[in-house]
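> Residue strings, one per chain:
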Amino acid sequence: NAGVMQNPRHLVRRRGQEARLRCSPMKGHSHVYWYRQLPEEGLKFMVYLQKENIIDESGMPKERFSAEFPKEGPSILRIQQVVRGDSAAYFCASSVPGQGIYGYTFGSGTRLTVV
Amino acid sequence: DAKTTQPNSMESNEEEPVHLPCNHSTISGTDYIHWYRQLPSQGPEYVIHGLTSNVNNRMASLAIAEDRKSSTLILHRATLRDAAVYYCIRVGGSEKLVFGKGTKLTVNP
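For the record, the sequence lines run as chains A and B. Position one of the first sequence corresponds to residue 14 (this note's numbering), numbered consecutively onward. Position one of the second sequence corresponds to residue 10 (this note's numbering), numbered consecutively onward.
In short, the hints are calculated from the structure, not lab data. It is possible that some hints are incorrect.
[Stated by the list, open to error] Dumping the calculated SDA-like pairs for lysine to any residue here, alpha-carbon to alpha-carbon at most 25 Å:
1. Lys78/B to Gly116/A
2. Lys12/B to Glu54/A
3. Lys40/A to His58/B
4. Lys113/B to Glu54/A
5. Lys110/B to Ala102/A
6. Lys113/B to Met68/B
7. Lys12/B to Pro110/A
8. Lys40/A to Gly101/B
9. Lys57/A to Val25/A
10. Lys12/B to Met73/A
11. Lys64/A to Val107/B
[Unchecked claim] According to the in silico footprint, chain B covers these stretches of chain A (three or more CB under 8 Å from chain B):
12. 51-57
13. 116-122
Think of the CB as a built atom: it goes at the ideal place given N, C-alpha and C, for glycine as much as any other residue.
Could you build all of it, start to finish, from the sequences and the hints given here?
So, in structure tokens, the structure goes:
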């Protein structure tokens, strides 16, 4: 029973390039949450998605960031034209609808470094 | 706003019990209390949750005050592997977790 899978684990991008982070939720989980953790800081909520729908994107920066969770395949967090300030660990969590109050499962994260 | 208050850091010795406090004085009647921990270079890991009654699982115990304005996570015998940042989080209807700064637990051998 695989947990939440994130890939790649480490990603290096030059300034101005695009970064694509993938998250495959646990089997049977249809809700996905993305969080960002800047160096030496806490985790900040970014976006909450269900398949083919964004539920809450109140934590997403207004520009360059987008997220999707298609009917088939993993959830993708896309960062266009990356800047050094985007360097962070990005974590994904998943849950069954309405069951988040009983606990979320997180992936191991993608560590993005912008050079 | 995490709406919970935790000490920035705590220290314990190996094989001793650890009591990690959390204040959530403005908690609503339907909010659950969740605890997660984050080991170095890893994602957050669910530890335990509760609503009103004390809870036990294989990882820890959660003691919830009768007025629900505070709770305590109890690690019965700390090990070096328990060194982590522990987050106390109120979880309500929005289903998203709002993390505070947590408590950094150091376990001494």
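> Now tell me if each hint is right for this structure.
Evaluated hints:
1. Lys78/B to Gly116/A: holds, 20 Å
2. Lys12/B to Glu54/A: holds, 17 Å
3. Lys40/A to His58/B: Distance of about 22 Å is within 25 Å: holds.
4. Lys113/B to Glu54/A: Holds, because 12 Å separates the two Cα atoms, which is no more than 25 Å.
5. Lys110/B to Ala102/A: Holds. Lys110/B to Ala102/A sits at ~16 Å (cutoff 25 Å).
6. Lys113/B to Met68/B: holds, 17 Å
7. Lys12/B to Pro110/A: holds, 24 Å
8. Lys40/A to Gly101/B: holds, 24 Å
9. Lys57/A to Val25/A: Holds, at about 21 Å.
10. Lys12/B to Met73/A: This hinted pair holds, its Cα atoms lying about 21 Å apart.
11. Lys64/A to Val107/B: The given pair, whose Cα atoms are some 22 Å apart, holds under the 25 Å limit.
12. 51-57: holds (count 3)
13. 116-122: holds (count 7)
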